[in-house]
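There are 2 protein chains.
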Amino acid sequence: MEFISGVKEKETVTIDRIKSGGYEGRTVKVEGSVHTIRDMGEVAFVILRKAEGLVQCVYEEGKTDFDLSLLKEESSVRVTGIVTKEERAPHGFEIRLLEIDLLSQPADALPVAISKWKLNTSLETKLTLRPITLRNPMERAKFRIQEGIVRGFRDFLHSQGFTEIRTPKIVARGAEGGSNVFKLDYFNKKAELGQSPQFYKQTMVGVYDRVFEVAPVFRAEKHNTTRHLNEYTSMDFEMGYIDSFEEIMEMETAMLQYTFGLLCEEYETELNMLKVTLPNVSNIPTVRFADAKELVAGKYNRKIRNPYDLEPEEEVLIGRYFKEEYGSDFVFVTHYPSKKRPFYAMDDPSDPKFTLSFDLLFKGLEVTTGGQRIHDYAAILNKMEARGMNPEDISSYLMIFQYGMPPHGGLGIGLERLTMRLLDEGNIRETTLFPRDVTRLEP
Amino acid sequence: MEFISGVKEKETVTIDRIKSGGYEGRTVKVEGSVHTIRDMGEVAFVILRKAEGLVQCVYEEGKTDFDLSLLKEESSVRVTGIVTKEERAPHGFEIRLLEIDLLSQPADALPVAISKWKLNTSLETKLTLRPITLRNPMERAKFRIQEGIVRGFRDFLHSQGFTEIRTPKIVARGAEGGSNVFKLDYFNKKAELGQSPQFYKQTMVGVYDRVFEVAPVFRAEKHNTTRHLNEYTSMDFEMGYIDSFEEIMEMETAMLQYTFGLLCEEYETELNMLKVTLPNVSNIPTVRFADAKELVAGKYNRKIRNPYDLEPEEEVLIGRYFKEEYGSDFVFVTHYPSKKRPFYAMDDPSDPKFTLSFDLLFKGLEVTTGGQRIHDYAAILNKMEARGMNPEDISSYLMIFQYGMPPHGGLGIGLERLTMRLLDEGNIRETTLFPRDVTRLEP
Numbered sequence: 549m550e551f552i553s554g555v556k557e558k559e560t561v562t563i564d565r566i567k568s569g570g571y572e573g574r575t576v577k578v579e580g581s582v583h584t585i586r587d588m589g590e591v592a593f594v595i596l597r598k599a600e601g602l603v604q605c606v607y608e609e610g611k612t613d614f615d616l617s618l619l620k621e622e623s624s625v626r627v628t629g630i631v632t633k634e635e636r637a638p639h640g641f642e643i644r645l646l647e648i649d650l651l652s653q654p655a656d657a658l659p660v661a662i663s664k665w666k667l668n669t670s671l672e673t674k675l676t677l678r679p680i681t682l683r684n685p686m687e688r689a690k691f692r693i694q695e696g697i698v699r700g701f702r703d704f705l706h707s708q709g710f711t712e713i714r715t716p717k718i719v720a721r722g723a724e725g726g727s728n729v730f731k732l733d734y735f736n737k738k739a740e741l742g743q744s745p746q747f748y749k750q751t752m753v754g755v756y757d758r759v760f761e762v763a764p765v766f767r768a769e770k771h772n773t774t775r776h777l778n779e780y781t782s783m784d785f786e787m788g789y790i791d792s793f794e795e796i797m798e799m800e801t802a803m804l805q806y807t808f809g810l811l812c813e814e815y816e817t818e819l820n821m822l823k824v825t826l827p828n829v830s831n832i833p834t835v836r837f838a839d840a841k842e843l844v845a846g847k848y849n850r851k852i853r854n855p856y857d858l859e860p861e862e863e864v865l866i867g868r869y870f871k872e873e874y875g876s877d878f879v880f881v882t883h884y885p886s887k888k889r890p891f892y893a894m895d896d897p898s899d900p901k902f903t904l905s906f907d908l909l910f911k912g913l914e915v916t917t918g919g920q921r922i923h924d925y926a927a928i929l930n931k932m933e934a935r936g937m938n939p940e941d942i943s944s945y946l947m948i949f950q951y952g953m954p955p956h957g958g959l960g961i962g963l964e965r966l967t968m969r970l971l972d973e974g975n976i977r978e979t980t981l982f983p984r985d986v987t988r989l990e991p
Numbered sequence: 549m550e551f552i553s554g555v556k557e558k559e560t561v562t563i564d565r566i567k568s569g570g571y572e573g574r575t576v577k578v579e580g581s582v583h584t585i586r587d588m589g590e591v592a593f594v595i596l597r598k599a600e601g602l603v604q605c606v607y608e609e610g611k612t613d614f615d616l617s618l619l620k621e622e623s624s625v626r627v628t629g630i631v632t633k634e635e636r637a638p639h640g641f642e643i644r645l646l647e648i649d650l651l652s653q654p655a656d657a658l659p660v661a662i663s664k665w666k667l668n669t670s671l672e673t674k675l676t677l678r679p680i681t682l683r684n685p686m687e688r689a690k691f692r693i694q695e696g697i698v699r700g701f702r703d704f705l706h707s708q709g710f711t712e713i714r715t716p717k718i719v720a721r722g723a724e725g726g727s728n729v730f731k732l733d734y735f736n737k738k739a740e741l742g743q744s745p746q747f748y749k750q751t752m753v754g755v756y757d758r759v760f761e762v763a764p765v766f767r768a769e770k771h772n773t774t775r776h777l778n779e780y781t782s783m784d785f786e787m788g789y790i791d792s793f794e795e796i797m798e799m800e801t802a803m804l805q806y807t808f809g810l811l812c813e814e815y816e817t818e819l820n821m822l823k824v825t826l827p828n829v830s831n832i833p834t835v836r837f838a839d840a841k842e843l844v845a846g847k848y849n850r851k852i853r854n855p856y857d858l859e860p861e862e863e864v865l866i867g868r869y870f871k872e873e874y875g876s877d878f879v880f881v882t883h884y885p886s887k888k889r890p891f892y893a894m895d896d897p898s899d900p901k902f903t904l905s906f907d908l909l910f911k912g913l914e915v916t917t918g919g920q921r922i923h924d925y926a927a928i929l930n931k932m933e934a935r936g937m938n939p940e941d942i943s944s945y946l947m948i949f950q951y952g953m954p955p956h957g958g959l960g961i962g963l964e965r966l967t968m969r970l971l972d973e974g975n976i977r978e979t980t981l982f983p984r985d986v987t988r989l990e991p
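Keeping their order, the protein sequence lines are chains R and L. Heads up: the first sequence is residues 549 to 991, going by the working numbering. Heads up: the second sequence is residues 549 to 991, going by the working numbering.
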């Protein structure tokens, strides 16, 4: 009988290991894809692409035991060669090739030059050829940073006593209601795709006090814009025993501080490649919804058309105002009008036309919506009644209030939007691996 | 202008902080839900439930400034009292109450006694009242352990150079095909819910060499069993540059070793509550599919009816065989017949009737399916042709082979199944927060 007992050491080495020192002059094996080949005649530079970065390999006629003409871009290889110091090469070394082992070959030449520093194609082409264009080092760096954001969110909340949960995406009824839900047939019952884990995360506050989830949400919005997706990743948290809704904003601010710190420490290569400057989040200004409207109307000479909602252009101006006046890329806009918030939002006791809620704007774009929730059974029934809603439709959610819930609140962060603003991209599709929009269902 | 600068210290303390020492005799504030009240006349024990565990509080007539009759099970409170050593109380201390601050009140009395050590209800009732029954300490402990499994999976793979990805769940076509897909209308186009991130994770191997994802998958299976869900969490990884498919099993074994270590270190309370003994995974036996069938047919006197598939009962017997003969709760069954594996599975060059694939059985239940994949464009086209499949249907997936892919393979682990076996539960619904089955769409 054979047994498996864990990972065996590979005979190939990583870039990190070579960089750690002591490899100069030694013969190593390295694997990777052929990113590009620069043939100079008797010498050729074969650039390998690995997850960690690029490796410069030097092919020399007579010294390398391989027919160079067999090598193509996107061939997968395992090479044997001598590590040699070379300041001009990535990571400060190159590999003088002795042998090349061909692991696999492409059938066709690439339709786009992914080895260029920056992909020189339209967004449309980039997305259609996404499985290939993501191999471009600048493209893939974006999603490494996105990974870092999620890690930061999770690790920080874990340190604050939050429990991670996984809630269903096929639901009987969406949390937000309205027309933007995807419907499906579920064994001859009507079902929907979850627009938000709202009901479930509130439910789980009754179980674990503080919870979070990072998962897909689905919105059947019919408009194609640069900042909407039909499927996106929502980073949600919900916390109980809050004294005020400011605690939610405090938690988010601390999370951003931690996350940007993590990016700085562990994703420096990618930040540098993409020339990202991490914003200062040591202090984030807050402004009431009504005041924000006045401020930008005053400063930028703009008429207030709709007192109950922020138009995208107003969000941009609020972002600009707080950048100009306070040097901040972020601003919390608080106390949104009650009629524009969902029924579960808690109204401000001192003025119930407004709610104890907030959005976080990042460079003029809403990246977070949050607030305190109603926790009292009678209060939520009253609010539903006032809105003409039927409690029986969501009785398994209302159950948590009937049998007791602590004061609580939370938020949802759009991961792709946050990444988009951090990387100063103009279109949310640039920071989504395989975006879903009104016209795009593949790849 | 006001600013938010991060989390402020709360005036309430956690159990961990009290346990850290130096609190005896001191007055503290603690918040929680009233889990149960034991009224002994002049003294009453008020047990608070917090995420971290239970806290025993002592109410004394004349000493506690509060009307005890106002307190109900599931009231949320903030109490003030003196920390006193008490060996018989949870965590070795109790709080002698001075004041009780009522934060919120339930409207009705609980329909089930969640404060009992073990919930004494049917699975049906437990699931219908899930938002409430999860508050039972034994119930919630299960999902803390589930959190730990996911953390172990992610943290270990991260340490092995894997990148975390997020791929779409609304897809044009499922990876596995067949009839068990949920269909939906996507802006007048036909779409499906992803049965697996298979195509996407393979695609991302071309980008990051090694990737993983933890996300929901959807299977419209019409049968209601104790081990199937219609929506479950799949823990997937995929790795490039493998020399053999054994490397995938080695990675999984090492991941399980790490994960059980993490559970042992950070989830000891929950493991003890649920009386879980972590299995030994230092060595996991492997057996070929055909040999496994022979072995159990011989030992347990069982006829082989279907040489191409394992019946659930056979899986149970294989599990029993390796427990009896080698003391192992896990066994890798390898080299499944080609006709029972998807088209992308790599056939064994030494006998193409079988594949370089495996399942991992845990106490006789399949918890993982994995294997090496075809990476050559011509080879995958040939296999599709032999199966009568049309390459045009999945051209954006086939693109990765056309333009070059390294040898690779991976696996998918069913999180709820792994948790179910670890906790020795008899029904997968016991280890799913809000299960989805043929009849259950709520809560």
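Keep in mind that the hints were calculated from the coordinates and are not lab data. All values derive from a computational prediction rather than experimental measurement. Don't take each hint at face value.
Repeated chains share a single entry, so a pair holds when one copy, or any two copies, can fit it.
[Stated by the list, open to error] The calculated SDA-like cross-link candidates involving lysine to any residue, where the alpha carbons are at most 25 angstroms apart (straight line), are:
| hint | residue 1 | residue 2 |
| --- | --- | --- |
| 1 | K731 | E990 |
| 2 | K887 | N728 |
| 3 | K731 | R988 |
| 4 | K633 | V606 |
| 5 | K620 | L946 |
| 6 | K770 | E816 |
| 7 | K738 | K770 |
| 8 | K871 | G569 |
| 9 | K738 | D613 |
| 10 | K731 | P983 |
| 11 | K556 | G809 |
| 12 | K888 | S617 |
| 13 | K887 | I563 |
| 14 | K901 | D791 |
| 15 | K567 | E557 |
| 16 | K738 | S727 |
| 17 | K738 | D615 |
| 18 | K871 | T584 |
Each hint tested on the structure:
no.: 1; hint: K731 with E990; verdict: both (20 angstroms within a copy, 16 angstroms between copies)
no.: 2; hint: K887 with N728; verdict: within (18 angstroms within a copy, 42 angstroms between copies)
no.: 3; hint: K731 with R988; verdict: both (18 angstroms within a copy, 17 angstroms between copies)
no.: 4; hint: K633 with V606; verdict: within (12 angstroms within a copy, 71 angstroms between copies)
no.: 5; hint: K620 with L946; verdict: between (62 angstroms within a copy, 19 angstroms between copies)
no.: 6; hint: K770 with E816; verdict: neither (38 angstroms within a copy, 49 angstroms between copies)
no.: 7; hint: K738 with K770; verdict: both (21 angstroms within a copy, 16 angstroms between copies)
no.: 8; hint: K871 with G569; verdict: neither (44 angstroms within a copy, 46 angstroms between copies)
no.: 9; hint: K738 with D613; verdict: neither (65 angstroms within a copy, 52 angstroms between copies)
no.: 10; hint: K731 with P983; verdict: both (20 angstroms within a copy, 19 angstroms between copies)
no.: 11; hint: K556 with G809; verdict: between (33 angstroms within a copy, 19 angstroms between copies)
no.: 12; hint: K888 with S617; verdict: neither (65 angstroms within a copy, 40 angstroms between copies)
no.: 13; hint: K887 with I563; verdict: neither (56 angstroms within a copy, 40 angstroms between copies)
no.: 14; hint: K901 with D791; verdict: within (21 angstroms within a copy, 65 angstroms between copies)
no.: 15; hint: K567 with E557; verdict: within (18 angstroms within a copy, 42 angstroms between copies)
no.: 16; hint: K738 with S727; verdict: both (15 angstroms within a copy, 19 angstroms between copies)
no.: 17; hint: K738 with D615; verdict: neither (62 angstroms within a copy, 48 angstroms between copies)
no.: 18; hint: K871 with T584; verdict: neither (42 angstroms within a copy, 52 angstroms between copies)
Taken one by one, the earlier hints fail for this structure at numbers 6, 8, 9, 12, 13, 17 and 18, listed in ascending order.
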